[in-house]
Amino acid sequence: MKMMNFHRNFLALQTPTNPLVTNKACDVFINHRGIDTKRTIATLLYDHLSRLNLQPFLDNKNMKPGDKLFDNIDNAIKNCKVGITVFSPNYCKSYFCLHELALIMESKKK
Numbered sequence: 071m072k073m074m075n076f077h078r079n080f081l082a083l084q085t086p087t088n089p090l091v092t093n094k095a096c097d098v099f100i101n102h103r104g105i106d107t108k109r110t111i112a113t114l115l116y117d118h119l120s121r122l123n124l125q126p127f128l129d130n131k132n133m134k135p136g137d138k139l140f141d142n143i144d145n146a147i148k149n150c151k152v153g154i155t156v157f158s159p160n161y162c163k164s165y166f167c168l169h170e171l172a173l174i175m176e177s178k179k180k
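The sequence shown begins at 71 in the numbering used here and counts up one residue at a time.
Derived from the structure by calculation, the hints contain no laboratory data. The C-beta atom is built at its ideal place from N, Cα and C for all residues, glycine as well. Some clues are possibly wrong.
Cross-link-like lysine-lysine pairs, in silico, DSS-like; alpha carbons within 25 Å at most [claimed, not checked]:
| hint | residue 1 | residue 2 |
| --- | --- | --- |
| 1 | Lys163 | Lys178 |
| 2 | Lys131 | Lys151 |
| 3 | Lys148 | Lys108 |
| 4 | Lys151 | Lys178 |
| 5 | Lys163 | Lys108 |
| 6 | Lys134 | Lys148 |
| 7 | Lys151 | Lys134 |
| 8 | Lys151 | Lys108 |
| 9 | Lys178 | Lys131 |
| 10 | Lys148 | Lys178 |
| 11 | Lys108 | Lys131 |
| 12 | Lys131 | Lys163 |
| 13 | Lys163 | Lys148 |
| 14 | Lys134 | Lys108 |
| 15 | Lys131 | Lys148 |
Beta-carbon label-pair distances, calculated as ranges [said to hold, decoys possible]:
| hint | residue 1 | residue 2 | range |
| --- | --- | --- | --- |
| 16 | Lys163 | Gln125 | 28 to 36 Å |
| 17 | Lys163 | Thr110 | 25 to 33 Å |
| 18 | Asn123 | Cys162 | 17 to 25 Å |
| 19 | Lys163 | Asn123 | 20 to 28 Å |
| 20 | Gln125 | Thr155 | 16 to 24 Å |
| 21 | Asn160 | Asn123 | 16 to 24 Å |
Just need the whole structure built from these sequences, with the hints factored in.
Encoded structure:
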């Protein structure tokens, strides 16, 4: 819990105080390790889902510079219909990936 609070506080220092936090529900949240899959699988999946007239959420497609990372992503996960996780070699080394996966699992239990 201390690590999560540290990350939230650290990220809050780097973003404006009044970011746009989207409340619009997405159909599919794409959870991935950016360094491993953002330019390949995650983007291809996002593009394919978009062509199917679905509303996918991918951080670099749905957020703009200055948006609060945790607030936007957590909100997108809580409001999405489906969460997809793209596992990769370094996925489990990322605190953010594991945080998102836990939130997806928690949100879907409700």
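Right, here's what the structure says about each hint:
1. Lys163 / Lys178: This hinted pair holds, its Cα atoms lying about 23 Å apart.
2. Lys131 / Lys151: 18 Å, holds
3. Lys148 / Lys108: 21 Å, holds
4. Lys151 / Lys178: 9 Å, holds
5. Lys163 / Lys108: Since the Cα atoms of Lys163 and Lys108 sit roughly 16 Å apart, the hinted pair holds (cutoff 25 Å).
6. Lys134 / Lys148: 19 Å, holds
7. Lys151 / Lys134: 22 Å, holds
8. Lys151 / Lys108: 21 Å, holds
9. Lys178 / Lys131: 23 Å, holds
10. Lys148 / Lys178: Holds. Lys148 to Lys178 sits at ~8 Å (cutoff 25 Å).
11. Lys108 / Lys131: 10 Å, holds
12. Lys131 / Lys163: 23 Å, holds
13. Lys163 / Lys148: Holds, at roughly 23 Å.
14. Lys134 / Lys108: Holds. Lys134 to Lys108 sits at ~16 Å (cutoff 25 Å).
15. Lys131 / Lys148: 18 Å, holds
16. Lys163 / Gln125: 28 to 36 Å: Hint holds: Cβ distance 29 Å, inside 28 to 36 Å.
17. Lys163 / Thr110: 25 to 33 Å: 18 Å, violated
18. Asn123 / Cys162: 17 to 25 Å: 33 Å, violated
19. Lys163 / Asn123: 20 to 28 Å: Violated, at about 35 Å.
20. Gln125 / Thr155: 16 to 24 Å: Since the Cβ atoms of Gln125 and Thr155 sit about 18 Å apart, the hinted range of 16 to 24 Å holds.
21. Asn160 / Asn123: 16 to 24 Å: 32 Å, violated
Hint compliance for this structure: hints 17, 18, 19 and 21 are not met, and every other hint is.
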